[in-house]
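Could you put together the complete structure from these sequences and hints?
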Amino acid sequence: MRIPKRVNDAWDWAESHGRVTAVILLIPVLAVGALWSPALAAFALGAVGAGLATYLRLARRIARLRAEVDELLRETGRLRHRNTMLASGIVQAESAATQKLLSIPELNEYVEPERRST
Numbered sequence: 002m003r004i005p006k007r008v009n010d011a012w013d014w015a016e017s018h019g020r021v022t023a024v025i026l027l028i029p030v031l032a033v034g035a036l037w038s039p040a041l042a043a044f045a046l047g048a049v050g051a052g053l054a055t056y057l058r059l060a061r062r063i064a065r066l067r068a069e070v071d072e073l074l075r076e077t078g079r080l081r082h083r084n085t086m087l088a089s090g091i092v093q094a095e096s097a098a099t100q101k102l103l104s105i106p107e108l109n110e111y112v113e114p115e116r117r118s119t
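Count along the sequence shown from 1, add 1, and you get the number used in the numbering used here.
In short, the hints are calculated from the structure, not lab data.
The structure presented is a predicted model; accordingly, all values stated were derived computationally and were not measured.
Among the hints, erroneous ones may be present.
[To be verified] Beta-carbon label-pair distances, calculated as ranges:
#1 Ser89 / Thr55: 49 to 55 Å
#2 Val33 / Asn9: 26 to 32 Å
#3 Arg7 / Leu87: 54 to 60 Å
#4 Leu27 / Ala60: 15 to 21 Å
#5 Val33 / Val70: 41 to 47 Å
#6 Arg7 / Ala45: 27 to 33 Å
#7 Ala64 / Ala23: 16 to 22 Å
#8 Thr85 / Leu46: 56 to 62 Å
#9 Glu72 / Asp13: 28 to 34 Å
#10 Asp13 / Arg81: 35 to 41 Å
#11 Trp14 / Leu87: 48 to 54 Å
#12 Arg62 / Trp37: 34 to 40 Å
#13 Ala68 / Pro39: 42 to 48 Å
#14 Ile25 / Ala64: 21 to 27 Å
[Said to hold, decoys possible] The calculated lysine to any residue pairs, modelled on SDA-like cross-linking and capped at a C-alpha distance of 20 Å, are:
#15 Lys6 / Glu16
#16 Lys6 / Ser17
#17 Lys6 / His18
Yeah, the Cβ is synthetic: ideal placement off N, Cα and C, and Gly gets one too.
As structure tokens, then:
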């Protein structure tokens, strides 16, 4: 059985817009619930609000953690590439190590001018 293209497009849209779909489906349920039992509808609305707040809070945390993981993966890739280059012999290990060392300035540069003459 083939699914019509318009129905498939509607399902794809609903899948990609989950929040909007949930709200569209929840509004009639809450409206009927408010007529039948206002307390139950208020409870459902509160549960949805709390769920949304929790989701948004966790979404920010998850986005931050994913960005951190991506940065760590990039750094790991850079280190792996550097180690591969060193192991292949294209770059000599000594030259790569000396480029990473910090230069230590001479002590005379920090001595005051009047003390240099003495």
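Verification of the supplied hints:
{"no.": "1", "hint": "Ser89 / Thr55: 49 to 55 Å", "in the structure": "holds (50 Å)"}
{"no.": "2", "hint": "Val33 / Asn9: 26 to 32 Å", "in the structure": "holds (29 Å)"}
{"no.": "3", "hint": "Arg7 / Leu87: 54 to 60 Å", "in the structure": "holds (58 Å)"}
{"no.": "4", "hint": "Leu27 / Ala60: 15 to 21 Å", "in the structure": "holds (19 Å)"}
{"no.": "5", "hint": "Val33 / Val70: 41 to 47 Å", "in the structure": "holds (44 Å)"}
{"no.": "6", "hint": "Arg7 / Ala45: 27 to 33 Å", "in the structure": "holds (32 Å)"}
{"no.": "7", "hint": "Ala64 / Ala23: 16 to 22 Å", "in the structure": "holds (20 Å)"}
{"no.": "8", "hint": "Thr85 / Leu46: 56 to 62 Å", "in the structure": "holds (57 Å)"}
{"no.": "9", "hint": "Glu72 / Asp13: 28 to 34 Å", "in the structure": "holds (32 Å)"}
{"no.": "10", "hint": "Asp13 / Arg81: 35 to 41 Å", "in the structure": "holds (38 Å)"}
{"no.": "11", "hint": "Trp14 / Leu87: 48 to 54 Å", "in the structure": "holds (51 Å)"}
{"no.": "12", "hint": "Arg62 / Trp37: 34 to 40 Å", "in the structure": "holds (37 Å)"}
{"no.": "13", "hint": "Ala68 / Pro39: 42 to 48 Å", "in the structure": "holds (44 Å)"}
{"no.": "14", "hint": "Ile25 / Ala64: 21 to 27 Å", "in the structure": "holds (25 Å)"}
{"no.": "15", "hint": "Lys6 / Glu16", "in the structure": "holds (15 Å)"}
{"no.": "16", "hint": "Lys6 / Ser17", "in the structure": "holds (16 Å)"}
{"no.": "17", "hint": "Lys6 / His18", "in the structure": "holds (18 Å)"}
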